[in-house]
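Residue numbers (the working numbering), protein chains in the order written: chain R, 1 to 442; chain F, 1 to 264.
Source of the hints: derived by calculation from the structure; they are not laboratory data. Here a beta-carbon is modelled for each residue, glycine too, at the ideal position from N, C-alpha and C. Incorrect hints may appear among the rest.
Chain R is nowhere near these chain F residues, computed Cβ spacing over 10 Å in every case [to be verified]:
#1 D97
#2 R147
#3 K257
Cross-link-like lysine to any residue pairs, in silico, SDA-like; alpha carbons within 20 Å at most [to be verified]:
#4 K408(R) with W87(R)
#5 K156(F) with Q337(R)
#6 K126(R) with E120(F)
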Amino acid sequence: MEYVRTKDVPTRKPPMNESSLLGWLKINLFDTLFSSVLTVLVLTAIFFAVKALWIWGVSDGVWVAETRRECFKISLDGACWAGVFAWLDNIFYGRYPRDELWRVNLGGVLLVIWMLPLWLPRVRGKILVGLSVVALYPFLAGYLFSGGEKGIFMQVMIAAAIVGLAANIANAVTGYFNHGSLSNFIIRKIGKSEAHEKQQRNILLAILLFALAVAFIWQMSWTEENVTWTKWGGLFLTFVISGIGIAAALPGGIFLALGRRSKLPVVRVLSTAFIELFRSVPLITVLFMATTMFPLFVPESFQLNKLVQVIIAVCLFYACYLAETVRAGLQAIPKGQYEGAHTIGLGYWGTMGLIIMPQALKHMIPNIVGTFINLLKSTTLVSVIGLFDILNILRAISKDTPWIGLHKEPLVFGAILFFIICFAMSKYSRHLEAKLATGHRN
Amino acid sequence: MSNTKTKARKNANGQLASAASSEVIIDLNEVNKWYSEFHVLKNINLVVHEGERIVICGPSGSGKSTLIRCINHLEEHQDGSIVVDGITLDKNLKNIDHIRTEVGMVFQSFNLFPHLTILENLTLGPIWVRKLTKVDAEKRAMEYLERVRIPEQADKFPAQLSGGQQQRVAIARSLCMNPKIMLFDEPTSALDPEMIKEVLDVMIELANTGMTMIVVTHEMGFAKTIADRVIFMDEGVIVEENEPNAFFNNPQQERTKLFLSQIL
Ligand SMILES: Nc1ncnc2c1ncn2[C@@H]1O[C@H](COP(=O)(O)OP(=O)(O)O)[C@@H](O)[C@H]1O
Ligand SMILES: [Mg+2]
Chain R
1 MEYVRTKDVP
11 TRKPPMNESS
21 LLGWLKINLF
31 DTLFSSVLTV
41 LVLTAIFFAV
51 KALWIWGVSD
61 GVWVAETRRE
71 CFKISLDGAC
81 WAGVFAWLDN
91 IFYGRYPRDE
101 LWRVNLGGVL
111 LVIWMLPLWL
121 PRVRGKILVG
131 LSVVALYPFL
141 AGYLFSGGEK
151 GIFMQVMIAA
161 AIVGLAANIA
171 NAVTGYFNHG
181 SLSNFIIRKI
191 GKSEAHEKQQ
201 RNILLAILLF
211 ALAVAFIWQM
221 SWTEENVTWT
231 KWGGLFLTFV
241 ISGIGIAAAL
251 PGGIFLALGR
261 RSKLPVVRVL
271 STAFIELFRS
281 VPLITVLFMA
291 TTMFPLFVPE
301 SFQLNKLVQV
311 IIAVCLFYAC
321 YLAETVRAGL
331 QAIPKGQYEG
341 AHTIGLGYWG
351 TMGLIIMPQA
361 LKHMIPNIVG
371 TFINLLKSTT
381 LVSVIGLFDI
391 LNILRAISKD
401 TPWIGLHKEP
411 LVFGAILFFI
421 ICFAMSKYSR
431 HLEAKLATGH
441 RN
Chain F
1 MSNTKTKARK
11 NANGQLASAA
21 SSEVIIDLNE
31 VNKWYSEFHV
41 LKNINLVVHE
51 GERIVICGPS
61 GSGKSTLIRC
71 INHLEEHQDG
81 SIVVDGITLD
91 KNLKNIDHIR
101 TEVGMVFQSF
111 NLFPHLTILE
121 NLTLGPIWVR
131 KLTKVDAEKR
141 AMEYLERVRI
151 PEQADKFPAQ
161 LSGGQQQRVA
171 IARSLCMNPK
181 IMLFDEPTSA
191 LDPEMIKEVL
201 DVMIELANTG
211 MTMIVVTHEM
221 GFAKTIADRV
231 IFMDEGVIVE
241 ENEPNAFFNN
251 PQQERTKLFL
261 SQIL
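With these hints in hand, go ahead and build the complete structure from the sequences.
Below, the structure is given as structure tokens:
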């Protein structure tokens with residue numbers, strides 16, 4: 001018997017794996033006869049479907065025409081995209097006055113500018129950036145979009161929003177170019193780095209107040225023509241409703257979830273009842289209730305416009321959905337985390353805000369973003385109660401005399417638009433999840 | 001307020017303590033606790049003086065964890081009184097939060113915050129509870145990381161550290177709050193054997209600084225080295241308590257003898 005190897009064992013190739021294209025094909029698509037047949041069938045079906053779509057939409061599609069009749073003249077079975085293009089402004093802005101469209105665009109650009117620092121490396125205070133978007137941007141955008149008279153509260157908030165935006169941009173610049181946060185940068189520039197922390201804080205506070213005063217004085221001379229909400233529409237309106245919905249539903253959901261797990265019986269029972277009530281009713285019912293029942297219960301002087309009612313309904317409805325998502329996330333946090341937080345002296349809010357919630361929300365990012373996507377898509381339901389959101393506008397095209405009967409193309413266009421937006425959101429959630437993952441080795 | 005009462009009781013109960021001359025810092029008087037029907041702590045009397053180091057041992061399920069968790073009110077006792085640093089533990093949440101800042105605790109399972117870096121784990125309490133500035137808190141955190149000998153890990157996340165390192169971070173996290181008392185609940189039980197020593201070494205160093213410590217552990221070598229008193233618990237009762245030499249060499253109770261014969 002021989003136990004000692006005298007010859008070297010030749011190195012072998014690894015068994016066929018998924019890393020080569022052929023290997024991948026073999027393993028995933030042509031493993032057995034059955035799966036090979038299935039693969040061929042499915043590929044054939046996909047081929048014909050895509051081909052038909054391509055012919056209809058692209059090779060036979062009509063891109064420039066004045067009327068649907070003209071489209072037919074050019075190509076009888078092709079898609080008439082010209083109708084969609086003719087309505088593009090309506091699709092994006094509804095009946096917003098054409099001379100004022102820059103206000104909507106500026107609002108969008110400001111939002112992007114405000115949020116951009118969240119993605120820039122080295123920028124400090126990202127939590128503050130996020131909070132300022134939610135807390136201040138709506139006032140600036142709200143006035144930009146609707147214009148008209150400003151109450152004193154609105155004036156103050158607009159001034160605060162302007163300062164917030166300016167500080168945010170400056171902070172992004174100093175951070176991006178490696179000068180630390182804006183406050184650090186200011187302190188260093190005026191040579192107070194050695195000063196006591198309290199003194200530094202007072203200096204910054206003084207600068208802040210000064211900036212607020214300047215912004216306040218400036219905004220007094222800023223007036224925009226009033227554009228009533230009935231003129232809002234299209235993708236713009238969809239974004240307004242879902243944007244506010246997303247920004248309000250998450251905090252709402254967090255508080256409802258905490259309420260449902262509260263030790264105080266009254267809070268717990270009320271939160272539970274609220275959540276269960278909204279979750280057991282379809283959104284469309286909630287929307288009808290909000291617009292038809294709500295006015296019956298509140299005094300004449302307190303009547304809200306339909307848009308506000310709808311937004312409140314969407315916020316409450318999705319807050320309840322998110323509450324359950326957040327609650328599931330909370331349940332996954334081990335008891336030891338609460339105890340660890342308690343032993344360093346954190347009270348209820350400190351424990352929840354600093355230790356428990358960040359972890360729970362992180363686990364729940366895919367579900368939360370899923371709910372956001374759901375919310376965005378569901379805002380199309382407001383078309384049923386007569387708001388001119390994107391879906392209603394798309395359907396209105398078929399009633400426009402030059403484009404009468406044009407149903408398919410607008411809806412396909414809407415589908416593509418929604419797909420792009422939702423797909424981007426879902427991709428981003430994956431990215432966020434990966435970026436925030438710290439709980440595992442490597 | 002209850003300070004006078006505490007001082008009065010000191011002479012009656014404090015004879016065993018080697019640090020009998022110093023202040024009473026923990027005073028448990030006739031403490032009883034139930035988990036629904038289950039009587040887990042029975043008439044517990046325990047007085048701890050400032051600077052004293054106490055080791056609690058006993059079979060699993062005897063109520064050791066419950067006892068020390070009552071001291072920082074992670075568990076609520078139903079009967080008797082617990083006075084910590086002159087403050088009586090009751091339903092008053094302010095008192096509880098205050099006591100928790102004075103009492104550090106180290107768990108068997110570390111309970112570090114996985115979403116924060118080591119440094120953030122350490123500075124969280126000082127910044128949010130002690131209201132230190134970030135700079136000061138980080139300075140203090142680095143000092144304690146030096147002391148537990150892992151300053152180079154400051155920017156890692158807990159999951160990237162070994163068990164022994166995590167437990168040392170947990171100790172440092174508690175110390176960053178500058179507590180008066182440190183509680184340890186089987187700090188080495190979840191560790192691989194080769195990591196136990198690094199944690200015990202840190203604890204011995206801590207003991208030498210004069211920290212008041214209550215340690216639940218089965219590391220009898222450690223108990224012999226640092227303990228002023230060893231307490232043996234069984235079935236929710238303090239069966240025997242003595243200074244370590246007498247406790248290990250000359251146990252009085254049958255149950256203690258049996259227990260020691262099993263673990264030594
Ligand atoms: N939260 C709880 N609810 C019910 N019983 C508990 C709970 N925690 C501990 N116990 C029981 O109380 C007894 C004492 O537990 P513990 O203090 O953890 O013991 P030790 O730390 O000495 O092992 C055990 O029998 C355990 O099963
Ligand atoms: Mg235990």
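Earlier hints that do not hold, by number: Per hint list: single violation, 1.
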